[in-house]
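Protein chains in written order, with our numbering: chain P, 1342 to 1456; chain E, 98 to 211.
The set of hints was computed from the structure by calculation and includes no laboratory data.
Just to be clear, a hint being listed does not mean it is correct.
Result set (DMTMM-like, lysine to aspartate or glutamate): computed pairs, CA atoms no more than 20 Å apart in a straight line [stated by the list, open to error]:
#1 P:Lys-1399 with E:Glu-199
#2 P:Lys-1390 with P:Glu-1412
#3 E:Lys-154 with E:Asp-123
#4 E:Lys-168 with E:Glu-149
#5 P:Lys-1390 with E:Glu-199
#6 E:Lys-154 with E:Glu-170
Given next are the chains, with one letter for each unit.
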Amino acid sequence: AQSVTQLGSHVSVSEGALVLLRCNYSSSVPPYLFWYVQYPNQGLQLLLKYTTGATLVKGINGFEAEFKKSETSFHLTKPSAHMSDAAEYFCAVSLRGSTLGRLYFGRGTQLTVWP
Amino acid sequence: NAGVTQTPKFQVLKTGQSMTLQCAQDMNHNSMYWYRQDPGMGLRLIYYSASEGTTDKGEVPNGYNVSRLNKREFSLRLESAAPSQTSVYFCASNRGVITYNEQFFGPGTRLTVL
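Let's have the full structure, built from the sequences with the hints guiding it.
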């Protein structure tokens, strides 16, 4: 089974500070990689994804993530946090070549942004 | 284009009662999924349906059954609800083709079992 580890269940930053949310996966073959965001009392929305090609991926709301094969990581960053970024963030992977489309999720990181 | 819809949004059950959570998608997707979300646990897959007419167990299928009624609809049934099934349930869908596997999520059903 795939394993997705998100370091830090809670991250707090000040408005304007750098946001860094960590994600590592365990897979001998690099999977497809996703970051989803969940705002309070809502469903999950896709922030960004890595499938192939350029390893630095840009998403919505100023977020980006870099796929590092040697580190089996896909950390999410944003240069300057905004109050509206407060939400829970989930890293997820799926297997290349799969027709089942199963996603394996990390446990999530709750981001708090202080004024 | 409504995407993925779920009903009901909220539900309170007593232990032993049964209920069905409904999910529908209008994106002509092949694959559909049911997850539960519990604090600190992320999302865990209950059941999935790779295509119309097929269903498979996920990580936490005990106490649940599913029906893939047609390509659009995928329901989740609790036959005899237990307090451990108090959770937020999400339905999702994707195209299911061998390219990338982005899933689209519904708004969730918040279930409390007393």
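Going through the hints against the structure:
The straight-line distance between the Cα atoms of Lys-1399 of chain P and Glu-199 of chain E is roughly 16 Å, inside the 20 Å bound, and the hint therefore holds. About 17 Å separates the Cα atoms of Lys-1390 of chain P and Glu-1412 of chain P, which keeps this hinted pair within 20 Å; it holds. A C-alpha spacing of about 24 Å is found between Lys-154 of chain E and Asp-123 of chain E, which places the hinted pair above 20 Å, so the restraint is violated. Under the criterion of a C-alpha separation no larger than 20 Å, the hint pairing Lys-168 of chain E with Glu-149 of chain E is consistent with the structure, at around 5 Å.
The hinted pair formed by Lys-1390 of chain P and Glu-199 of chain E meets the criterion: a straight-line CA distance of about 8 Å does not exceed 20 Å. The suggested pairing of Lys-154 of chain E with Glu-170 of chain E holds, with an alpha-carbon distance near 17 Å, which does not exceed 20 Å.
Consistency note: the structure conflicts with earlier hint 3 alone.
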